[in-house]
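Asker: For chain A, the structure is supplied; the task is to place chain B on it using the hints.
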Amino acid sequence: MGANVGRFLMNAVTKGDFASSLGHRSDCFDEFFAMNVYLEDQVLVIELNAPGIAEDQISVQLNKGTVLSISGTRPVRDEKKVFLRKERLEGRFERLLNLPFPVDADRVDARVELGVLTVKLPRLASSLPRRIPVNQQRDS
Amino acid sequence: MVSEQIQVGQLNPIRVPRADVLDSKLELTLVLDLPGVVDTGVELTVEKQVLKVRATPERVGKVPDNPRKVLLLEKTTAIYERTFRLQDEIDASAISANLADGLLTVRLPKKTDDGTRRISVGFAG
Numbered sequence: 001m002g003a004n005v006g007r008f009l010m011n012a013v014t015k016g017d018f019a020s021s022l023g024h025r026s027d028c029f030d031e032f033f034a035m036n037v038y039l040e041d042q043v044l045v046i047e048l049n050a051p052g053i054a055e056d057q058i059s060v061q062l063n064k065g066t067v068l069s070i071s072g073t074r075p076v077r078d079e080k081k082v083f084l085r086k087e088r089l090e091g092r093f094e095r096l097l098n099l100p101f102p103v104d105a106d107r108v109d110a111r112v113e114l115g116v117l118t119v120k121l122p123r124l125a126s127s128l129p130r131r132i133p134v135n136q137q138r139d140s
Numbered sequence: 141m142v143s144e145q146i147q148v149g150q151l152n153p154i155r156v157p158r159a160d161v162l163d164s165k166l167e168l169t170l171v172l173d174l175p176g177v178v179d180t181g182v183e184l185t186v187e188k189q190v191l192k193v194r195a196t197p198e199r200v201g202k203v204p205d206n207p208r209k210v211l212l213l214e215k216t217t218a219i220y221e222r223t224f225r226l227q228d229e230i231d232a233s234a235i236s237a238n239l240a241d242g243l244l245t246v247r248l249p250k251k252t253d254d255g256t257r258r259i260s261v262g263f264a265g
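Chains as they are written, first to last, in the working numbering: chain A, 1 to 140; chain B, 141 to 265.
Chain A extracted, bound-state conformation (with noise of 0.2 Å):
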């Protein structure tokens, strides 16, 4: 099972054509820009695919506290190269998440580890759930 997904033919330069797939799945990509989403005690955690895009490429904000946007630039390939096959897509993304709670901005962590972006937005401390005690009023 699973032997034939993902194979293809690549052709010689001197052929000219470009390579063609030979029952190649596309729905089998792995999603550039697949985002998992954990609430870990009072902290989201988002996960998000981002291969080839240095820290100071990708860009992290918050709108009104409950909307996430992460945007950025993966940079085009510049080199006096022919592309004989493109696949991975280049150039300006951006995502956008609505928060399910406010988050604290000045506590959210963010880095990039083996080209996934792992952003980290605790809970507002005010937006907790909590008790409001009722007092009871007596005649004195």
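Read the hints as simulated data drawn from the structure, not as lab findings.
Be aware that one or more of the hints could be misleading.
Here are the simulated lysine-lysine pairs, DSBU-like style, with alpha carbons at most 35 Å apart [unchecked claim]:
#	chain 1	residue 1	chain 2	residue 2
1	B	K188	B	K251
2	A	K81	B	K165
3	B	K209	A	K64
4	A	K86	B	K251
5	B	K192	B	K251
6	A	K120	A	K64
7	A	K86	A	K120
8	A	K81	B	K251
9	B	K188	B	K165
10	B	K188	A	K81
11	B	K165	A	K86
12	B	K192	A	K81
13	A	K86	B	K188
14	A	K120	B	K209
15	B	K192	B	K165
16	B	K251	B	K165
17	B	K192	A	K86
In this text, all values refer to a predicted model and were calculated from it rather than measured experimentally.
Answerer: Okay, now just chain B, sitting in the frame of chain A:
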């Protein structure tokens, strides 16, 4: 009766990593997106002019330390795998690869006309 333990997350789908193929006079360059992969997680094999790339991202098979709730799941615990057939002009014995920031760059030098192998010298910095 023997009971069978099937664990959550035991199956890993195979995903095809996106690849660019660039051509210059001396070599072909393959660039693959492999986010979350460490160099020890990549397996590159060449057999009979077929190049196979297989990579396991770090998170595969690992249970997170803290208990957590999943709110959105687009990434899977997939293993990346892709094969490429190399044309005769490629010198399979001179293939080299480098992994950085989730990008795998594979250099496929071409055989020169007189059959000698060209060795490229890299400069640091």
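Asker: Between the alpha carbons of B/K209 and A/K64, is the straight-line distance 35 Å or under?
Answerer: holds (24 Å)
Asker: What's the verdict on B/K192 and A/K86, does the C-alpha distance respect the 35 Å limit or exceed it?
Answerer: holds (19 Å)
Asker: Given the hint that A/K86 pairs with B/K251, test it: the Cα-Cα distance must not exceed 35 Å.
Answerer: holds (24 Å)
Asker: Given the proposed pairing of A/K81 with B/K165, does the C-alpha separation stay at or below 35 Å?
Answerer: Measuring from Cα to Cα gives roughly 9 Å; hence the hint holds.
Asker: Is the Cα-Cα distance between B/K188 and B/K165 35 Å or less?
Answerer: holds (23 Å)
Asker: Assess, step by step, whether the Cα of A/K120 is no farther than 35 Å from the Cα of A/K64, and give holds or violated.
Answerer: holds (17 Å)
Asker: Quick one, are B/K192 and B/K251 close enough, alpha carbons at most 35 Å?
Answerer: holds (20 Å)
Asker: Holds or violated: are the alpha carbons of B/K165 and A/K86 at most 35 Å from each other?
Answerer: holds (18 Å)
Asker: When you check the alpha-carbon spacing of B/K192 and B/K165, does it fall within 35 Å?
Answerer: Given pair B/K192, B/K165 holds - Cα atoms ~23 Å apart, limit 35 Å.
Asker: With the threshold set at 35 Å, check whether the alpha-carbon distance from B/K192 to A/K81 stays at or below it.
Answerer: holds (23 Å)
Asker: Take the C-alpha atoms of A/K86 and A/K120, compute the straight-line distance between them, and say whether it is at most 35 Å.
Answerer: holds (33 Å)
Asker: Tell me if the straight-line CA distance from A/K86 to B/K188 falls inside 35 Å.
Answerer: Holds, because 25 Å separates the two Cα atoms, which is no more than 35 Å.
Consistency note: the structure conflicts with none of the earlier hints.
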